[in-house]
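Colleague: Sequence:
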Amino acid sequence: MSVPPRAVQLNEANAFLKEHPEVLYVDLLIADMNGVVRGKRIERTSLHKVYEKGINLPASLFALDINGSTVESTGLGLDIGDADRICYPIPGTLSNEPWQKRPTAQLLMTMHELEGEPFFADPREVLRQVVSKFTDMGLTICAAFELEFYLIDQENVNGRPQPPRSPISGKRPQSTQVYLIDDLDEYADCLQDILEGAKEQGIPADAIVKESAPAQFEVNLHHVPDPLKACDYAVLLKRLIKNIAYDHEMDTTFMAKPYPGQAGNGLHVHISVLDKDGNNIFTSEDPEQNAALRHAVGGVLETLPASMAFLCPNVNSYRRFGAQFYVPNAPSWGLDNRTVALRVPTGSPDAVRLEHRVAGADANPYLMMAAVLAGVHHGLTNKIEPGEPIEGNSYEQLEQSLPNNLRDALRELDDSEILNKYIDPKYIDIFVACKESELEEFEHSISDLEYNWYLHTV
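No gaps in the numbering here: position 207 of the sequence shown is 206 in numbering that gives the first Met the number 0, and each next residue is one more.
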């Protein structure tokens, strides 16, 4: 991947600064392994230098655990002297931050080696490597995310979240009420500011839907013919939602399962594949008879167990699964069936696509997309057949067979010959090392439930 010409990037910076003379600062952002946005804040006068020369950040940024501590077993910390790499702007991501009191802009970055080559441990580069395999075939991926989240109160109860009070009624929502318009009205100012902020930042969000739990919502993004950009939008949308909600004296969470007994937060992705003429190769009056669609489905289902660590990367991720919450726990597919892992919407022949329904909102969009596209490419190139589509309730027909905990998921990823062909094994080692470090800390902690059960009874 060549770095875009500096002249082109400088034109972008010049045009933005001229159009926004009020901007005082620019946040330089880069998403780490967990999808957490990190970076630096600069004054506007330094923006040209960033476009000309980039900025230095340590390679260990991609070896951080969920708490922001370097996992030394990755080899990206002290072993290399905590050395810097160079980060360059991603064209088209310079925009205002509408929530800031002091006018501030933001710019998404990606990491490179000092010589200019992309840095292998940047999740965006992990995805780019997979996408390049489609480019070599003359194919383009068209993708869109659906992102679920909870609005929560800024005050927790004994460390646990609670729904926020409605700005209109003053009450906390308690019921499910999926698709209820009245619940959208209760938080209308915040939700509308999210959509308007997305428009201002060039994020193609077109709708907010009330989801299946108190103060849970879903934002839908438009399809774009660039999976890297689709992931950029998802990362920036999460940051926008968090900050707009805070502006409205609320918090948000994308935690996979914040409430026992309520629906978790999912991250669904819709994928179609375009040929060199821009035609959707999945287009079909009868999707079951479309060989490309069947093979793509077959490849994704075959690689699904090994992909789980990228789709569900945290201990909490696996608490989200359950039939009553429409979270599939076995490799399965079907036509217009929301109980399966891969749903094929069939509203019109040219809109036939894959909807991947397994990942949680806590997944890193770049790594999730890389895993899904690896499966699609594997299926297309090896003509993998998926078996018959499921009709009716898949939970009553299939036993749970996907990994149901992080440790098993990491083993599946580490042992996968297929994913190791698509994703640099060095990166898989780094990812597994970070997640095993988190898992070890989690398993050495003592929960409140253990004290309640065992402190006075054994």
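Note that these hints are calculated values from the structure, not bench results.
A couple of the hints might just be wrong.
What the hints assert, rightly or not - Dumping the calculated DSS-like pairs for lysine-lysine here, alpha-carbon to alpha-carbon at most 30 Å:
1. K228 <-> K275
2. K39 <-> K170
3. K170 <-> K17
4. K275 <-> K39
5. K17 <-> K228
6. K275 <-> K48
7. K39 <-> K100
8. K420 <-> K382
Colleague: Each hint: holds or not?
Modeller: Consistency of the hints with the structure:
1. Note on K228 and K275: the hinted pairing holds, with a Cα-Cα distance of about 19 Å set against a maximum of 30 Å.
2. Of the supplied pair hints, the one linking K39 and K170 is violated, its CA atoms being roughly 39 Å apart against a limit of 30 Å.
3. Taken as a hint, the K170 and K17 pair is broken in the structure, with Cα atoms around 46 Å apart against an allowance of 30 Å.
4. The suggested pairing of K275 with K39 is violated, with an alpha-carbon distance near 39 Å, which exceeds 30 Å.
5. Distance hint between K17 and K228 is fulfilled; the C-alpha atoms sit about 25 Å from each other, no more than 30 Å.
6. Proposed proximity of K275 and K48 is contradicted: the alpha carbons are some 37 Å apart, above 30 Å.
7. Restraint check for K39 and K100: the C-alpha separation of about 18 Å stays at or below 30 Å, so the hint holds.
8. Of the supplied pair hints, the one linking K420 and K382 holds, its CA atoms being roughly 17 Å apart against a limit of 30 Å.
Consistency note: the structure conflicts with the earlier hints numbered 2, 3, 4, 6.
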